[in-house]
Amino acid sequence: MNKINKKSKVNKQKNKKSKVIKRTRCNYDKANLKLAVEEVFNGKTTAEVSRKYNVPESTIRAKKQCKYNDKPPGPSTVLSNIEENELVEWIFYCCKQGFPITKQKLLDSVKLLCDSDDRKTPFVDNRPGRSWYEAFIKRHPQVSEIVSENLSVTRAQVTELGIRAWFQGIKNHLIEISTEEDILNIDPSRIFNANEISVSMNLKPSVLASGGTRDEYSIVSKNKKENITVLITANAAGNLVPTLLLFAGKSIPKDVIKVAPKNFSLGHSENGSMTAKTFYEYIGNVFFPCVVQNNIKLPIILYIDGLCPHVSLPLSQFCSENKIILIALHPNATDILQPLDVALFRTFPAAYQRSFQTLCENSGTISIKKSQVALVLQKTFESLDLKKMLENGFKTCGLHPLNADAIDYSKVFKKLTTSCYEIESSSTSEGTMPEISTETESLRVLESLIDEDTLRSFRANDSSIWGGRKEDESLFKIWFKLTKPTVELQREESEVQESNNQ
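Take the sequence shown: its letters are residues 1 to 502, numbered as in our numbering.
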């Protein structure tokens, strides 16, 4: 018995030792592998070449027989190299257009790609998680500094100079991408704006909140089931595109479908909120067909919130293929630049309340059913002079005609004085300063709209006097003012004036 026990102990120790031993992966240069394979083809032995270039013989033989493609070790990626490169190009393109791509937007885009061809993935509901995201960033380190998870910017960062720079950037962008000679003065029917709102199904003093953030969404009601997400789209000619109503659940309620007016579109999502998928489907299945049906000339311009979380790669591809120019409004200035916010959403709550009350009084209830929301919205639209309101809204925001001087900056920034003071007071009391200055944020937005060659020439021009192309002079002056502190700028201008006088 003792001998048997001794043997078993020895075997266990051997097993333990064998488990500890791990194979180490040989690291070799790909260029050396290529040279090794070439020499083998030229007649040298595999063993000789292996010793010379420090590449395993098995690897050389496999490469010679074309057994494996040039792929890293480990399992294959869910997306192909071509698809991942398209994502990278899209991220850079969107950031240049003023749409900062967040982790959320990137993952939503991957989900849409996987859903489009029913491919099998290890992801829950085809949406990748943290591991895939971190691996993607490692594979494409050039995007690590661009993808930002926190895009919250204080209102104090909205400046007149920044808004004027945004207008100049939009003009340059439209001229650059369009073959149409008079792209800056196109017909108002070709200029659109889309934005979300959330309407309540209960009679309350506050029945409407602007969409876009969870905080705003929760102001309406604590119970999300009592709210319906609504996407309104209109053009500068004062016409509405079919309005989208989003319901929570796996399908649209049957009673809603039966009574919905023809000028309304219906959709659904898991919690009733707008998603990248529902927004993409709306643009492709409702918005664009409506444009074609009404014989509106292409290309068209669609202004949306620059921080809109629903921008995705499939959406960008669809818009590019169908001549829809997506333009991001200046970050956190939508209440200044967004026509629906300026012209409609400030009047809409009271009108919606009146239509709501009328329906409730006629039915003897204090709330409405899901099937009645579209009816209340339709009555609200009919009670307003939408054509005049929308035309004035696009004009006031300077989007038609495209004119930075259309905005009354004195009124706008008078309203911002209080919020700016509160930000300054809170930061001083906490002993900290705001993370980003107004000039820094405005400069970031402006540079995202300037092409690389022009920006490079701006940076090479040290003086405040522009020495490049005449058509870039006004844009350079704005850029230069943002890059220089006020005191330094005044000193340089005085030096230039003195030299001119001499």
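Since the hints were made in silico from the structure, they are not lab data. Nothing here was measured: the structure is a model prediction, and the numbers come from that model. Built from N, CA and C at the ideal position, the CB exists for glycine as well. Fair warning: there could be bad hints in the mix.
[To be verified] Straight-line C-alpha distance at most 20 Å; calculated EDC-like pairs for lysine to aspartate or glutamate:
id, residue 1, residue 2
1, K111, E89
2, K277, E321
3, K387, D187
4, K323, E382
5, K262, E382
6, K171, D385
7, K470, D451
8, K379, D255
9, K250, E270
10, K52, E38
11, K323, D335
12, K138, E160
13, K477, D405
14, K395, D385
15, K111, E134
16, K395, D405
17, K171, D405
18, K171, D187
19, K277, E86
20, K481, D29
21, K323, E89
22, K111, E382
23, K254, E270
24, K477, E447
25, K262, E281
26, K370, E270
27, K64, E48
28, K171, E382
29, K277, D472
30, K369, D255
31, K370, D255
32, K96, D472
33, K52, D29
34, K387, E361
35, K297, D187
[Unchecked claim] Simulated DEER-style distance windows between Cβ atoms:
id, residue 1, residue 2, range
36, P289, K34, 32 to 38 Å
37, P122, T45, 29 to 35 Å
38, S320, D182, 40 to 46 Å
39, G249, S144, 34 to 40 Å
40, C66, I296, 51 to 57 Å
Now for the hints, and whether the structure bears them out:
1. K111 <-> E89: The hint holds at about 17 Å.
2. K277 <-> E321: Since the Cα atoms of K277 and E321 sit roughly 18 Å apart, the hinted pair holds (cutoff 20 Å).
3. K387 <-> D187: holds (15 Å)
4. K323 <-> E382: Violated - the C-alpha atoms of E382 and K323 are around 31 Å apart, more than 20 Å.
5. K262 <-> E382: holds (14 Å)
6. K171 <-> D385: With Cα atoms ~30 Å apart, K171 and D385 exceed 20 Å; violated.
7. K470 <-> D451: holds (16 Å)
8. K379 <-> D255: holds (19 Å)
9. K250 <-> E270: holds (6 Å)
10. K52 <-> E38: holds (13 Å)
11. K323 <-> D335: Violated: K323 and D335 sit about 27 Å apart, past 20 Å.
12. K138 <-> E160: violated (39 Å)
13. K477 <-> D405: This hinted pair holds, its Cα atoms lying about 17 Å apart.
14. K395 <-> D385: holds (16 Å)
15. K111 <-> E134: Holds - the C-alpha atoms of E134 and K111 are around 16 Å apart, at most 20 Å.
16. K395 <-> D405: holds (10 Å)
17. K171 <-> D405: Cα-Cα ~14 Å, so holds.
18. K171 <-> D187: With a Cα-Cα distance of about 16 Å, the restraint between K171 and D187 holds, given a limit of 20 Å.
19. K277 <-> E86: Holds. K277 to E86 sits at ~19 Å (cutoff 20 Å).
20. K481 <-> D29: Between K481 and D29 the Cα gap is close to 49 Å, so the pair fails against 20 Å, i.e. violated.
21. K323 <-> E89: holds (19 Å)
22. K111 <-> E382: Status violated; Cα separation ~39 Å.
23. K254 <-> E270: holds (17 Å)
24. K477 <-> E447: holds (13 Å)
25. K262 <-> E281: holds (18 Å)
26. K370 <-> E270: Given that 20 Å is the threshold and the Cα spacing comes to 16 Å, the pair holds.
27. K64 <-> E48: Roughly 15 Å between the alpha carbons, so the hint for K64 and E48 holds.
28. K171 <-> E382: violated (35 Å)
29. K277 <-> D472: violated (39 Å)
30. K369 <-> D255: Within the cut-off at roughly 10 Å; holds.
31. K370 <-> D255: holds (8 Å)
32. K96 <-> D472: Holds, at about 18 Å.
33. K52 <-> D29: Measuring from Cα to Cα gives roughly 13 Å; hence the hint holds.
34. K387 <-> E361: Answer violated: K387 to E361 is near 29 Å, above 20 Å.
35. K297 <-> D187: Roughly 9 Å separates the two Cα atoms, so the pair holds.
36. P289 <-> K34: 32 to 38 Å: violated (52 Å)
37. P122 <-> T45: 29 to 35 Å: Once the Cβ atoms are compared, 43 Å apart, the range 29 to 35 Å for T45 and P122 is violated.
38. S320 <-> D182: 40 to 46 Å: The hint (40 to 46 Å, Cβ to Cβ) is violated, given that S320 and D182 are roughly 22 Å apart.
39. G249 <-> S144: 34 to 40 Å: holds (38 Å)
40. C66 <-> I296: 51 to 57 Å: Since the Cβ atoms of C66 and I296 sit about 53 Å apart, the hinted range of 51 to 57 Å holds.
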